[in-house]
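Under mature numbering (1 follows the signal peptide of the UniProt record, and there is no 0), read the sequence shown as residues -23 to -1, 1 to 455, first letter to last.
In short, the hints are calculated from the structure, not lab data.
Small disclaimer: the values here were computed from a predicted structure and weren't measured.
Hints may contain errors.
Calculated cross-link-like contacts (lysine-lysine; reagent style BS3-like; alpha-carbon spacing at most 27 Å) [as the list claims (entries may be wrong)]:
1) Lys210 - Lys154
2) Lys157 - Lys314
3) Lys313 - Lys159
4) Lys159 - Lys210
5) Lys154 - Lys34
6) Lys351 - Lys424
7) Lys218 - Lys351
8) Lys335 - Lys210
What follows is a set of in silico ranges between Cβ atoms, one per label pair, in the way DEER data are often shown [claimed, not checked]:
9) Gln102 - Tyr357: 35 to 45 Å
10) Asn200 - Asp104: 42 to 52 Å
11) Pro438 - Gly188: 44 to 54 Å
Idealized CB from N, CA, C, for every residue including glycine.
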Amino acid sequence: MPLVRTALHGIIFVAILTSFAFSDDLRPAATAGGVTVHVEREYVVLDNGIVQLTLSKPGGSITGVKYHGLDNVMEVNNREDNRGYWDLVWNPSDRDSGIFQRIQGTEFDVVQQDANQAEVSFRTQWDPSHRGKLVPLNIDKRFVMLRGSSGFYTYAIYEHLQDWPDCNLGETRVAFKIRKDKFHYMAIADNRQRIMPMPEDREAGRSQKLGYPEAVRLTNPINPALRGEVDDKYQYSSENKDSMVHGWISSDPSVGFWVITPSNEFKSGGPVRQDLTSHVGPTSLATFVSSHYAGDDIVPRVRNGEYWKKVFGPVFIYLNSASTKSDPKLLWEDAKKQALVEEGSWPYMFPASKDFHKSEQRGSVSGRLLVLDKHISKVYINGNAAFVGLASPGEAGSWQRESKVPDLLIMFKQVLVIIRAKNDHHDVLQGYQFWVRADAKGMFFIKNVRTGVYNLYAWVPGFIGDYKSSVNITVTSG
(Lines of atoms letter the chains of each structure in order from A and count residues from 1; the text may use other names and numbers.)
(Lines give C-alpha, C1' and ligand atoms only; values in the text may rest on other atoms or scores of the structure.)
Protein backbone atom coordinates (compact mmCIF):
# COMPACT_ATOMS: atom_id res chain seq x y z
CA MET A 1 0.00 0.00 0.00
CA PRO A 2 2.16 2.92 -1.23
CA LEU A 3 2.14 6.13 0.85
CA VAL A 4 3.11 9.20 -1.17
CA ARG A 5 3.81 12.60 0.40
CA THR A 6 4.39 16.05 -1.08
CA ALA A 7 5.03 19.25 0.86
CA LEU A 8 4.23 22.73 -0.44
CA HIS A 9 3.96 26.06 1.41
CA GLY A 10 3.87 24.19 4.73
CA ILE A 11 1.01 22.00 3.53
CA ILE A 12 1.59 18.26 3.20
CA PHE A 13 -0.45 16.20 0.76
CA VAL A 14 -0.59 12.45 1.28
CA ALA A 15 -2.00 10.00 -1.25
CA ILE A 16 -2.55 6.41 -0.16
CA LEU A 17 -2.82 4.18 -3.21
CA THR A 18 -4.98 1.29 -2.13
CA SER A 19 -5.46 -0.77 -5.26
CA PHE A 20 -4.95 -1.29 -8.94
CA ALA A 21 -7.75 -3.15 -10.69
CA PHE A 22 -9.33 -3.72 -14.06
CA SER A 23 -12.50 -1.94 -15.12
CA ASP A 24 -15.82 -3.45 -16.09
CA ASP A 25 -17.42 -3.04 -19.49
CA LEU A 26 -20.79 -1.56 -20.28
CA ARG A 27 -22.38 -1.44 -23.69
CA PRO A 28 -25.70 -0.02 -24.86
CA ALA A 29 -28.18 -2.82 -25.40
CA ALA A 30 -29.03 -3.58 -29.03
CA THR A 31 -32.62 -3.02 -30.12
CA ALA A 32 -34.68 -3.85 -33.18
CA GLY A 33 -33.93 -2.26 -36.57
CA GLY A 34 -30.78 -3.11 -38.50
CA VAL A 35 -28.08 -0.76 -39.77
CA THR A 36 -27.49 -0.40 -43.50
CA VAL A 37 -24.68 1.19 -45.52
CA HIS A 38 -25.29 2.45 -49.06
CA VAL A 39 -22.10 3.30 -50.94
CA GLU A 40 -22.65 5.60 -53.91
CA ARG A 41 -20.25 7.28 -56.29
CA GLU A 42 -19.85 10.49 -54.27
CA TYR A 43 -21.62 9.66 -51.00
CA VAL A 44 -22.02 6.98 -48.38
CA VAL A 45 -25.26 6.72 -46.40
CA LEU A 46 -25.59 5.08 -42.97
CA ASP A 47 -29.17 4.37 -41.89
CA ASN A 48 -30.64 2.57 -38.88
CA GLY A 49 -34.27 3.53 -39.42
CA ILE A 50 -34.07 6.32 -36.84
CA VAL A 51 -31.28 8.53 -38.18
CA GLN A 52 -29.86 8.69 -41.69
CA LEU A 53 -26.32 10.04 -42.02
CA THR A 54 -24.92 11.09 -45.41
CA LEU A 55 -21.17 11.60 -45.83
CA SER A 56 -19.18 12.80 -48.82
CA LYS A 57 -16.88 10.21 -50.39
CA PRO A 58 -13.92 10.05 -50.07
CA GLY A 59 -13.72 13.33 -48.12
CA GLY A 60 -15.86 12.32 -45.15
CA SER A 61 -17.76 15.59 -44.62
CA ILE A 62 -21.22 15.37 -43.07
CA THR A 63 -23.51 16.55 -45.86
CA GLY A 64 -26.82 15.45 -44.40
CA VAL A 65 -28.55 14.17 -41.27
CA LYS A 66 -32.16 13.07 -41.71
CA TYR A 67 -34.26 12.74 -38.58
CA HIS A 68 -37.91 12.95 -37.43
CA GLY A 69 -39.38 14.67 -40.46
CA LEU A 70 -36.39 16.91 -41.16
CA ASP A 71 -34.85 15.91 -44.49
CA ASN A 72 -31.64 17.56 -43.40
CA VAL A 73 -30.73 18.85 -39.95
CA MET A 74 -27.50 20.37 -41.32
CA GLU A 75 -27.44 23.87 -42.84
CA VAL A 76 -28.45 23.24 -46.45
CA ASN A 77 -27.42 26.75 -47.56
CA ASN A 78 -23.78 25.96 -46.76
CA ARG A 79 -21.44 24.14 -49.11
CA GLU A 80 -21.44 20.41 -48.48
CA ASP A 81 -17.96 20.58 -46.94
CA ASN A 82 -19.09 23.36 -44.57
CA ARG A 83 -21.88 21.60 -42.68
CA GLY A 84 -20.21 19.00 -40.48
CA TYR A 85 -16.47 18.42 -40.60
CA TRP A 86 -13.24 17.70 -38.75
CA ASP A 87 -10.68 20.49 -38.95
CA LEU A 88 -7.38 21.59 -37.46
CA VAL A 89 -4.96 24.51 -37.24
CA TRP A 90 -1.28 23.68 -37.53
CA ASN A 91 2.07 25.19 -38.35
CA PRO A 92 5.65 24.04 -38.92
CA SER A 93 8.03 24.76 -36.04
CA ASP A 94 9.63 27.66 -37.95
CA ARG A 95 6.36 29.47 -38.61
CA ASP A 96 4.24 31.35 -36.09
CA SER A 97 0.96 31.79 -37.97
CA GLY A 98 -1.45 28.89 -38.05
CA ILE A 99 -2.65 27.09 -41.17
CA PHE A 100 -6.34 26.16 -41.17
CA GLN A 101 -7.13 22.81 -42.76
CA ARG A 102 -10.39 20.92 -43.11
CA ILE A 103 -9.53 17.25 -42.87
CA GLN A 104 -10.57 15.68 -46.15
CA GLY A 105 -10.09 11.98 -46.69
CA THR A 106 -8.57 10.59 -49.88
CA GLU A 107 -9.35 6.92 -49.18
CA PHE A 108 -12.68 5.42 -48.13
CA ASP A 109 -13.40 2.04 -46.60
CA VAL A 110 -16.29 0.22 -44.94
CA VAL A 111 -14.57 -1.08 -41.82
CA GLN A 112 -17.51 -2.99 -40.39
CA GLN A 113 -21.04 -3.63 -41.55
CA ASP A 114 -23.69 -5.87 -40.03
CA ALA A 115 -27.19 -5.51 -38.65
CA ASN A 116 -25.93 -4.25 -35.29
CA GLN A 117 -23.46 -1.61 -36.39
CA ALA A 118 -21.64 0.03 -39.25
CA GLU A 119 -18.30 1.81 -39.19
CA VAL A 120 -16.77 3.70 -42.10
CA SER A 121 -13.32 5.20 -42.49
CA PHE A 122 -12.05 8.27 -44.38
CA ARG A 123 -8.25 8.34 -44.42
CA THR A 124 -5.68 10.85 -45.52
CA GLN A 125 -2.06 9.73 -45.84
CA TRP A 126 0.78 12.26 -45.69
CA ASP A 127 3.78 12.06 -48.02
CA PRO A 128 6.70 14.41 -48.75
CA SER A 129 4.88 16.04 -51.67
CA HIS A 130 2.53 17.58 -49.06
CA ARG A 131 5.37 19.28 -47.14
CA GLY A 132 4.33 22.78 -46.07
CA LYS A 133 0.84 22.33 -47.55
CA LEU A 134 -0.83 19.70 -45.37
CA VAL A 135 -0.28 18.81 -41.73
CA PRO A 136 2.32 15.99 -41.54
CA LEU A 137 -0.08 13.48 -40.02
CA ASN A 138 -1.91 10.39 -41.13
CA ILE A 139 -5.53 10.94 -40.12
CA ASP A 140 -8.23 8.30 -40.07
CA LYS A 141 -11.73 9.72 -39.48
CA ARG A 142 -14.34 7.20 -38.39
CA PHE A 143 -18.14 7.35 -38.26
CA VAL A 144 -20.16 4.70 -36.44
CA MET A 145 -23.88 3.98 -36.33
CA LEU A 146 -25.47 1.41 -34.01
CA ARG A 147 -28.74 -0.48 -34.17
CA GLY A 148 -31.53 1.36 -32.35
CA SER A 149 -29.37 4.42 -31.63
CA SER A 150 -30.80 7.90 -32.09
CA GLY A 151 -27.59 9.38 -33.43
CA PHE A 152 -24.08 8.53 -34.59
CA TYR A 153 -20.51 8.52 -33.29
CA THR A 154 -17.33 9.97 -34.71
CA TYR A 155 -13.69 9.63 -33.72
CA ALA A 156 -10.29 9.94 -35.39
CA ILE A 157 -6.78 8.55 -35.11
CA TYR A 158 -3.91 11.02 -35.67
CA GLU A 159 -0.44 9.61 -36.39
CA HIS A 160 2.97 11.26 -36.94
CA LEU A 161 5.71 8.94 -38.18
CA GLN A 162 9.22 9.17 -36.78
CA ASP A 163 10.97 10.70 -39.80
CA TRP A 164 8.31 13.26 -40.65
CA PRO A 165 8.68 17.07 -40.35
CA ASP A 166 8.02 19.13 -37.24
CA CYS A 167 4.41 20.00 -36.53
CA ASN A 168 2.62 22.18 -33.96
CA LEU A 169 -1.05 21.25 -33.59
CA GLY A 170 -2.76 24.42 -32.40
CA GLU A 171 -6.33 23.21 -32.68
CA THR A 172 -8.42 20.25 -33.74
CA ARG A 173 -12.15 19.67 -33.40
CA VAL A 174 -15.38 18.56 -35.05
CA ALA A 175 -17.76 21.34 -36.11
CA PHE A 176 -21.49 20.99 -36.74
CA LYS A 177 -23.43 23.73 -38.50
CA ILE A 178 -27.15 23.08 -38.38
CA ARG A 179 -30.18 24.80 -39.88
CA LYS A 180 -30.61 28.41 -38.84
CA ASP A 181 -34.26 28.43 -39.92
CA LYS A 182 -35.06 25.71 -37.36
CA PHE A 183 -32.66 25.75 -34.41
CA HIS A 184 -32.97 28.92 -32.33
CA TYR A 185 -32.75 27.70 -28.72
CA MET A 186 -29.33 26.76 -27.31
CA ALA A 187 -28.57 24.89 -24.09
CA ILE A 188 -25.16 24.24 -22.54
CA ALA A 189 -26.13 23.94 -18.84
CA ASP A 190 -29.20 24.05 -16.61
CA ASN A 191 -28.64 27.76 -16.02
CA ARG A 192 -27.15 28.60 -19.44
CA GLN A 193 -29.79 28.24 -22.12
CA ARG A 194 -31.72 30.75 -24.18
CA ILE A 195 -33.12 31.88 -27.52
CA MET A 196 -30.11 32.93 -29.57
CA PRO A 197 -29.51 35.67 -32.16
CA MET A 198 -29.45 34.82 -35.85
CA PRO A 199 -26.10 34.80 -37.67
CA GLU A 200 -27.32 37.79 -39.73
CA ASP A 201 -27.60 39.77 -36.49
CA ARG A 202 -23.81 39.86 -36.30
CA GLU A 203 -23.44 41.50 -39.72
CA ALA A 204 -22.91 45.19 -40.48
CA GLY A 205 -26.15 47.15 -40.21
CA ARG A 206 -27.47 44.93 -37.44
CA SER A 207 -24.56 45.05 -35.00
CA GLN A 208 -21.71 47.16 -33.69
CA LYS A 209 -18.17 45.79 -33.57
CA LEU A 210 -16.57 45.73 -30.15
CA GLY A 211 -13.04 45.10 -28.91
CA TYR A 212 -12.34 41.94 -30.92
CA PRO A 213 -14.01 40.25 -33.92
CA GLU A 214 -15.97 37.68 -31.94
CA ALA A 215 -17.78 40.31 -29.83
CA VAL A 216 -20.56 42.51 -31.23
CA ARG A 217 -23.42 44.54 -29.77
CA LEU A 218 -26.77 43.80 -31.40
CA THR A 219 -28.24 47.11 -32.58
CA ASN A 220 -30.97 45.96 -34.97
CA PRO A 221 -31.49 42.22 -34.47
CA ILE A 222 -34.18 40.25 -36.27
CA ASN A 223 -35.64 39.47 -32.84
CA PRO A 224 -36.12 42.95 -31.30
CA ALA A 225 -36.12 41.49 -27.79
CA LEU A 226 -32.36 40.95 -28.19
CA ARG A 227 -31.53 44.59 -29.02
CA GLY A 228 -28.62 45.92 -26.96
CA GLU A 229 -27.23 42.51 -26.05
CA VAL A 230 -23.62 41.54 -26.65
CA ASP A 231 -22.99 38.34 -28.58
CA ASP A 232 -19.63 36.61 -28.24
CA LYS A 233 -18.99 32.90 -28.66
CA TYR A 234 -16.56 32.97 -25.75
CA GLN A 235 -19.47 33.79 -23.43
CA TYR A 236 -20.54 30.18 -23.85
CA SER A 237 -17.26 28.49 -23.02
CA SER A 238 -17.36 25.72 -20.42
CA GLU A 239 -14.84 23.81 -18.36
CA ASN A 240 -14.10 20.30 -19.58
CA LYS A 241 -15.81 18.76 -16.57
CA ASP A 242 -19.02 20.68 -17.33
CA SER A 243 -19.26 20.29 -21.11
CA MET A 244 -20.39 16.69 -21.45
CA VAL A 245 -23.50 17.74 -23.39
CA HIS A 246 -24.57 20.89 -25.23
CA GLY A 247 -26.55 21.73 -28.33
CA TRP A 248 -29.65 23.17 -29.95
CA ILE A 249 -33.44 22.77 -30.02
CA SER A 250 -35.91 23.34 -32.85
CA SER A 251 -39.53 24.09 -31.96
CA ASP A 252 -41.00 23.15 -35.35
CA PRO A 253 -40.58 20.22 -35.36
CA SER A 254 -39.60 19.68 -31.74
CA VAL A 255 -36.11 18.26 -32.26
CA GLY A 256 -32.87 18.45 -30.33
CA PHE A 257 -29.31 18.22 -31.72
CA TRP A 258 -26.68 17.44 -29.08
CA VAL A 259 -22.92 16.91 -28.91
CA ILE A 260 -22.13 14.45 -26.12
CA THR A 261 -18.53 13.93 -24.98
CA PRO A 262 -18.62 10.89 -22.67
CA SER A 263 -14.98 11.14 -21.57
CA ASN A 264 -12.35 13.88 -21.41
CA GLU A 265 -9.40 11.47 -21.48
CA PHE A 266 -8.32 12.70 -24.92
CA LYS A 267 -8.52 16.42 -24.06
CA SER A 268 -5.67 18.57 -22.80
CA GLY A 269 -5.49 20.79 -19.75
CA GLY A 270 -7.43 18.88 -17.13
CA PRO A 271 -10.98 19.18 -15.77
CA VAL A 272 -11.16 22.96 -15.31
CA ARG A 273 -9.71 23.84 -18.70
CA GLN A 274 -12.24 25.98 -20.62
CA ASP A 275 -13.10 25.79 -24.29
CA LEU A 276 -15.82 26.61 -26.79
CA THR A 277 -19.10 24.67 -26.89
CA SER A 278 -22.04 25.97 -28.96
CA HIS A 279 -22.63 29.48 -30.29
CA VAL A 280 -24.49 31.56 -32.88
CA GLY A 281 -24.59 29.87 -36.25
CA PRO A 282 -26.19 27.66 -35.05
CA THR A 283 -22.87 25.91 -34.42
CA SER A 284 -21.84 23.15 -32.02
CA LEU A 285 -18.26 22.01 -31.47
CA ALA A 286 -16.44 19.02 -30.05
CA THR A 287 -13.04 20.56 -29.32
CA PHE A 288 -10.12 18.27 -28.54
CA VAL A 289 -7.10 20.58 -28.74
CA SER A 290 -6.94 24.38 -28.75
CA SER A 291 -4.88 27.23 -27.34
CA HIS A 292 -7.96 29.07 -26.05
CA TYR A 293 -7.45 30.40 -22.50
CA ALA A 294 -4.06 28.69 -22.30
CA GLY A 295 -1.82 29.96 -25.10
CA ASP A 296 0.92 28.08 -26.88
CA ASP A 297 2.04 26.21 -23.76
CA ILE A 298 -0.74 23.66 -24.27
CA VAL A 299 -0.13 23.11 -27.99
CA PRO A 300 1.20 19.62 -28.91
CA ARG A 301 4.59 19.93 -30.59
CA VAL A 302 5.68 16.87 -32.54
CA ARG A 303 9.23 16.91 -33.86
CA ASN A 304 11.18 15.07 -36.52
CA GLY A 305 12.37 11.89 -34.83
CA GLU A 306 9.22 11.49 -32.75
CA TYR A 307 6.51 8.92 -33.25
CA TRP A 308 3.10 10.15 -32.02
CA LYS A 309 -0.37 8.69 -32.22
CA LYS A 310 -3.56 9.69 -30.44
CA VAL A 311 -7.24 8.80 -30.61
CA PHE A 312 -9.68 11.71 -30.32
CA GLY A 313 -13.20 10.62 -29.37
CA PRO A 314 -15.56 8.98 -29.96
CA VAL A 315 -18.12 11.68 -29.36
CA PHE A 316 -21.83 11.00 -29.79
CA ILE A 317 -24.16 13.16 -31.87
CA TYR A 318 -27.56 12.59 -30.28
CA LEU A 319 -30.90 13.59 -31.76
CA ASN A 320 -34.15 13.55 -29.79
CA SER A 321 -37.70 14.71 -30.38
CA ALA A 322 -41.02 15.41 -28.71
CA SER A 323 -44.49 14.86 -30.15
CA THR A 324 -45.57 18.47 -29.64
CA LYS A 325 -44.05 21.92 -29.24
CA SER A 326 -43.27 21.17 -25.63
CA ASP A 327 -41.05 22.97 -23.17
CA PRO A 328 -37.53 22.85 -24.67
CA LYS A 329 -36.21 21.89 -21.26
CA LEU A 330 -37.77 18.45 -21.71
CA LEU A 331 -35.44 17.76 -24.63
CA TRP A 332 -32.55 19.16 -22.61
CA GLU A 333 -33.34 16.89 -19.67
CA ASP A 334 -33.50 13.90 -22.01
CA ALA A 335 -30.14 14.86 -23.54
CA LYS A 336 -28.58 14.98 -20.07
CA LYS A 337 -29.91 11.51 -19.32
CA GLN A 338 -28.46 10.22 -22.58
CA ALA A 339 -25.12 11.81 -21.73
CA LEU A 340 -25.07 9.81 -18.50
CA VAL A 341 -25.84 6.65 -20.47
CA GLU A 342 -22.89 7.36 -22.78
CA GLU A 343 -20.61 8.14 -19.84
CA GLY A 344 -21.63 4.87 -18.19
CA SER A 345 -20.87 2.97 -21.40
CA TRP A 346 -17.29 4.26 -21.56
CA PRO A 347 -14.98 2.86 -22.77
CA TYR A 348 -17.10 1.85 -25.72
CA MET A 349 -16.68 -1.68 -27.03
CA PHE A 350 -17.83 -0.94 -30.60
CA PRO A 351 -14.94 1.09 -32.14
CA ALA A 352 -13.20 -1.12 -34.68
CA SER A 353 -9.81 0.60 -34.43
CA LYS A 354 -7.26 -1.32 -32.36
CA ASP A 355 -5.91 2.05 -31.22
CA PHE A 356 -8.99 2.65 -29.07
CA HIS A 357 -8.45 0.74 -25.83
CA LYS A 358 -11.39 -1.44 -24.79
CA SER A 359 -12.29 -2.21 -21.19
CA GLU A 360 -10.11 -5.31 -20.92
CA GLN A 361 -7.10 -3.25 -22.05
CA ARG A 362 -7.50 -0.74 -19.23
CA GLY A 363 -6.94 -0.63 -15.50
CA SER A 364 -7.85 1.49 -12.49
CA VAL A 365 -6.20 3.26 -9.57
CA SER A 366 -7.78 3.93 -6.20
CA GLY A 367 -6.62 5.56 -3.00
CA ARG A 368 -7.13 8.31 -0.47
CA LEU A 369 -5.84 11.88 -0.38
CA LEU A 370 -5.05 13.50 2.98
CA VAL A 371 -3.83 17.04 3.68
CA LEU A 372 -1.76 18.32 6.61
CA ASP A 373 -1.97 22.09 7.04
CA LYS A 374 -0.32 22.98 10.36
CA HIS A 375 -1.93 26.40 10.31
CA ILE A 376 -5.37 24.90 10.86
CA SER A 377 -4.82 21.37 12.20
CA LYS A 378 -2.18 19.14 13.76
CA VAL A 379 -3.64 16.04 12.16
CA TYR A 380 -4.29 15.00 8.59
CA ILE A 381 -7.45 16.38 7.00
CA ASN A 382 -9.49 14.47 4.46
CA GLY A 383 -8.99 15.69 0.89
CA ASN A 384 -12.70 16.48 0.61
CA ALA A 385 -13.81 16.97 -3.03
CA ALA A 386 -10.22 16.94 -4.26
CA PHE A 387 -9.56 16.81 -7.98
CA VAL A 388 -7.36 13.75 -8.50
CA GLY A 389 -5.96 12.73 -11.85
CA LEU A 390 -3.49 10.64 -13.79
CA ALA A 391 -1.45 12.34 -16.51
CA SER A 392 1.95 12.02 -18.14
CA PRO A 393 4.95 12.24 -15.78
CA GLY A 394 6.11 15.78 -15.11
CA GLU A 395 6.41 18.42 -12.43
CA ALA A 396 3.54 19.52 -10.19
CA GLY A 397 0.90 21.28 -12.27
CA SER A 398 2.33 20.05 -15.57
CA TRP A 399 -1.03 18.48 -16.45
CA GLN A 400 -2.27 22.00 -17.21
CA ARG A 401 0.16 22.26 -20.14
CA GLU A 402 0.72 18.62 -21.07
CA SER A 403 -0.71 17.50 -24.40
CA LYS A 404 1.64 14.67 -25.36
CA VAL A 405 4.47 12.71 -23.79
CA PRO A 406 7.61 14.80 -23.17
CA ASP A 407 10.24 14.27 -25.84
CA LEU A 408 12.61 12.25 -23.65
CA LEU A 409 9.92 9.78 -22.69
CA ILE A 410 8.91 9.34 -26.31
CA MET A 411 12.51 8.73 -27.32
CA PHE A 412 12.79 6.13 -24.56
CA LYS A 413 9.59 4.46 -25.61
CA GLN A 414 10.51 4.42 -29.28
CA VAL A 415 12.51 1.25 -28.66
CA LEU A 416 9.30 -0.49 -27.66
CA VAL A 417 7.49 0.98 -30.67
CA ILE A 418 10.07 -0.43 -33.07
CA ILE A 419 10.15 -3.83 -31.40
CA ARG A 420 6.36 -4.18 -31.22
CA ALA A 421 5.42 -2.49 -34.48
CA LYS A 422 3.60 -5.60 -35.67
CA ASN A 423 1.27 -5.47 -32.67
CA ASP A 424 0.33 -1.98 -31.54
CA HIS A 425 1.60 1.19 -29.94
CA HIS A 426 -0.25 0.77 -26.65
CA ASP A 427 3.03 1.08 -24.76
CA VAL A 428 3.35 4.68 -25.88
CA LEU A 429 1.52 7.09 -23.59
CA GLN A 430 0.35 9.88 -25.88
CA GLY A 431 -1.11 12.56 -23.66
CA TYR A 432 -4.25 11.07 -22.13
CA GLN A 433 -5.56 12.27 -18.76
CA PHE A 434 -8.00 10.71 -16.29
CA TRP A 435 -9.64 12.80 -13.56
CA VAL A 436 -12.16 12.23 -10.77
CA ARG A 437 -13.42 14.03 -7.65
CA ALA A 438 -12.63 12.50 -4.27
CA ASP A 439 -15.42 11.93 -1.77
CA ALA A 440 -15.74 13.61 1.64
CA LYS A 441 -13.10 11.27 3.09
CA GLY A 442 -10.65 11.93 0.28
CA MET A 443 -11.26 8.50 -1.25
CA PHE A 444 -10.88 8.31 -5.03
CA PHE A 445 -11.29 5.67 -7.72
CA ILE A 446 -9.98 6.34 -11.23
CA LYS A 447 -11.31 3.71 -13.60
CA ASN A 448 -10.94 2.93 -17.30
CA VAL A 449 -7.32 4.10 -17.46
CA ARG A 450 -5.34 3.35 -20.61
CA THR A 451 -2.18 1.35 -20.03
CA GLY A 452 0.95 3.40 -19.47
CA VAL A 453 3.13 5.21 -16.95
CA TYR A 454 1.56 8.14 -15.11
CA ASN A 455 2.04 10.55 -12.26
CA LEU A 456 -0.78 11.14 -9.81
CA TYR A 457 -1.75 14.81 -9.54
CA ALA A 458 -4.27 16.53 -7.28
CA TRP A 459 -5.45 19.72 -5.70
CA VAL A 460 -7.96 20.35 -2.94
CA PRO A 461 -10.39 23.30 -2.98
CA GLY A 462 -9.48 25.66 -0.14
CA PHE A 463 -5.82 24.61 0.06
CA ILE A 464 -2.93 26.30 -1.71
CA GLY A 465 -0.73 24.28 -4.03
CA ASP A 466 -0.64 21.35 -6.43
CA TYR A 467 0.08 17.80 -5.32
CA LYS A 468 2.16 15.37 -7.39
CA SER A 469 3.15 11.86 -6.43
CA SER A 470 6.86 11.21 -6.13
CA VAL A 471 6.59 7.81 -7.81
CA ASN A 472 5.53 6.77 -11.28
CA ILE A 473 2.37 4.68 -11.45
CA THR A 474 2.30 1.96 -14.08
CA VAL A 475 -1.16 0.88 -15.21
CA THR A 476 -1.30 -2.46 -17.00
CA SER A 477 -4.09 -4.42 -18.63
CA GLY A 478 -5.27 -7.87 -17.64
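Hint numbers contradicted by this structure: Hints 6, 7, 8, 9 and 11 not satisfied by this model.
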